[in-house]
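Novice: Since the structure of chain F is already known, use the hints to place chain B on it.
There are 2 protein chains.
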Amino acid sequence: MERNVARLRARLTALGVGLRPHLKTCKSVDVARRVMASPQGPATVSTLKEAAHFAAAGVRDMIYAVGIAPAKLDQVVALRAEGVDLAVLLDTVAQAEAVAAASRAVGQRIPALIEIDCDGHRSGVKPGDTERLLAIGHALAQGAELRGVLTHAGGSYAARGEQALRQCAEDERRGVVEAATALRAAGLPCPVVSLGSTPTAHSATDLTGVTEVRAGVFVFFDLVMAGIGVCQVEDIALSVLATVIGHQPDKGWLLIDAGWMAMSQDRGTAKQAVNQGYGVVCDLAGRPYPDLVVADANQEHGIVTLRPGSAGVMPDLAIGDRVRVLPNHACATGAQHRSYHVVRGTQVAIEAEWPRFGGW
Amino acid sequence: MERNVARLRARLTALGVGLRPHLKTCKSVDVARRVMASPQGPATVSTLKEAAHFAAAGVRDMIYAVGIAPAKLDQVVALRAEGVDLAVLLDTVAQAEAVAAASRAVGQRIPALIEIDCDGHRSGVKPGDTERLLAIGHALAQGAELRGVLTHAGGSYAARGEQALRQCAEDERRGVVEAATALRAAGLPCPVVSLGSTPTAHSATDLTGVTEVRAGVFVFFDLVMAGIGVCQVEDIALSVLATVIGHQPDKGWLLIDAGWMAMSQDRGTAKQAVNQGYGVVCDLAGRPYPDLVVADANQEHGIVTLRPGSAGVMPDLAIGDRVRVLPNHACATGAQHRSYHVVRGTQVAIEAEWPRFGGW
Chain F
-13 MERNVARLRA RLTALGVGLR PHLKTCKSVD VARRVMASPQ GPATVSTLKE
37 AAHFAAAGVR DMIYAVGIAP AKLDQVVALR AEGVDLAVLL DTVAQAEAVA
87 AASRAVGQRI PALIEIDCDG HRSGVKPGDT ERLLAIGHAL AQGAELRGVL
137 THAGGSYAAR GEQALRQCAE DERRGVVEAA TALRAAGLPC PVVSLGSTPT
187 AHSATDLTGV TEVRAGVFVF FDLVMAGIGV CQVEDIALSV LATVIGHQPD
237 KGWLLIDAGW MAMSQDRGTA KQAVNQGYGV VCDLAGRPYP DLVVADANQE
287 HGIVTLRPGS AGVMPDLAIG DRVRVLPNHA CATGAQHRSY HVVRGTQVAI
337 EAEWPRFGGW
Chain B
-13 MERNVARLRA RLTALGVGLR PHLKTCKSVD VARRVMASPQ GPATVSTLKE
37 AAHFAAAGVR DMIYAVGIAP AKLDQVVALR AEGVDLAVLL DTVAQAEAVA
87 AASRAVGQRI PALIEIDCDG HRSGVKPGDT ERLLAIGHAL AQGAELRGVL
137 THAGGSYAAR GEQALRQCAE DERRGVVEAA TALRAAGLPC PVVSLGSTPT
187 AHSATDLTGV TEVRAGVFVF FDLVMAGIGV CQVEDIALSV LATVIGHQPD
237 KGWLLIDAGW MAMSQDRGTA KQAVNQGYGV VCDLAGRPYP DLVVADANQE
287 HGIVTLRPGS AGVMPDLAIG DRVRVLPNHA CATGAQHRSY HVVRGTQVAI
337 EAEWPRFGGW
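So the protein sequences, as listed, match chains F and B. Using this note's numbering, read the first sequence as starting at -13 and increasing by one per residue. Using this note's numbering, read the second sequence as starting at -13 and increasing by one per residue.
Pulled out of the complex, with its shape left as it was, chain F reads as follows (with noise of 0.2 Å):
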């Protein structure tokens, strides 16, 4: 973890830009620490209970990017109210103007961000829809804050090869500093340009008018980073320990107590060059056994078989063995636990326990 860190640190200080990392990935004020530029920030959340938990724990600096429904503009103000420099996302003049009147409702400005949709992937203006994007800035302006703009280059996950990955990377500058570019042409602020997703964050060379990257996952990396390229196996900081309660030798099964409730049910390797299905199992020093994949899974179970095609035979591992089991999402794998048991690089030792939290 610290090396991933460390890594995305480097290359973006090099880039000329900050880091507002996205502590989705985390859930973690002991994670956050290490991760954020100092203990106030600059954070990205995705809940406004992540919002409310990292504020406790001192982060002054947040922007809350998943679109503002108008009855959470309550609890934001309130936030606000305690210091915390909390700002929204919107792509709608529905909620400009409910921004707005929410600021005009306390006397405060509340800042906002306008989403740009660069690739298509989910929400968002479109780049060069400059109707929409001046339409919603001259609603903020009625009593809000227009901070900037912020996209995230979702459609990188889907990318293939360093050529698609860098391209990704410039379509996401091009499209937030062109939306930009078309509201200070029209006189309206826009001192924030915020874009990023672990792929293109780790793909961009030039990003020329962007003034903060996002990124979530990079603290941790897991087998869908790994499968994009922008990762090895062995940077992934997080697995789970699981241990052998069965076997099936006529299947050529092998059971552990780790099914989709300690992996989640997140597949996203599914349609990746390798499928590794619910997990890649590893020894207790995190050194995977190249033939054998979690290739199913239950509440509680996992079914564990050599790799389709495999030449190799399956390890003898006995009943009450413990294995680690990579993960194919950082993001989803830890919303199932409750804490991270911390060990240092291949040691079995647990250092500490961070706890962590869900909800909203």
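Hints may be right or wrong, so weigh each one.
Treat identical chains as interchangeable: a pair holds within one or across any two.
As the list claims (entries may be wrong) - Derived DSSO-like pairs (lysine-lysine); straight-line CA-CA distance at most 27 Å:
1. 112 x 35
2. 257 x 237
3. 237 x 112
Calculated from the structure, these hints are not laboratory results.
Specialist: Just chain B now, with coordinates in the frame of chain F:
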């Protein structure tokens, strides 16, 4: 929920067997008390965390229905020392020897059931594998208590149609009774003959030789169960309340603030006749919008679209409007939340908040 519980109770009473509900679905003391025959149980659990949590709430009769890892026996012994009749499950001689050794060490016969594999879907001894069955029974006899046999027709989730479901139920019954008969013929005790899954519990027509039925998801039901045909969509007693946070009209998308973190990534209906995506969208009273489905999901975003081939039109849902989403799998979706907000029928008012727990 109350109707679902009453329905299965009435069914099993008519068949002359008791219900040992599986509390892994609810992980809630409030729900457990409404589904168990008495506040003391009986009950089934899938983790020792559940066993400890329900023990603290007064449950005194539990089966931990996942193959035991020897390292967990200390905790089993500790719970039993508190007066909880907690039985373990196993399907290997190695586990039986570990349970017998632990029993001798504490001077107390730890009760164990032998898991029977009635349909080849996961773990357990094949009913006809008398050699392995008796070897486990004899190993247990060296200090432990052979409490009986237990099976789970997990394969019933893939059955389609009433006749196939009845066949699964009969195969489940025949398999576990055959194993009990073999143990008794060898002079070994087998007081408990336990089987169950929600599909077979609702399909069995004869449970001769069976002493108890286990089922979990029947308490809430879900879209997978509706797809199998053991409930109607209107029986589903669990939904996720979400808010509209965006539109992408050119794509026919409506965005809600419930993504896979709120719904889970269970896609259990993907292999059924009707693929329900990440869930069925309803109004606040729980009435489904027949043409809508949560077609895709990110961590905190759900993408709602018209169903493929639908001739309907997108209902007029504005920013801030709220919907309920019915889940594919109640166990998985429930696990993403910290409590249940209880409503009565089609009412919107929250009558109570019931905490739920997770972890191991």
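Novice: It remains to establish, for every hint, whether it holds in the given structure.
Specialist: Do the hints match the structure? See the list:
Taking the closest pair of Cα atoms, residue 112 and residue 35 never come within 27 Å of each other, the shortest separation being 29 Å inside a single copy and 48 Å across copies. Taking CA atoms no more than 27 Å apart as the test, residue 257 paired with residue 237 passes in both settings, with 26 Å inside one copy and 23 Å between copies. Taking identical chains as interchangeable, the C-alpha atoms of residue 237 and residue 112 lie at most 27 Å apart only when they sit on different chains, with a minimum of 12 Å there against 52 Å within one chain.
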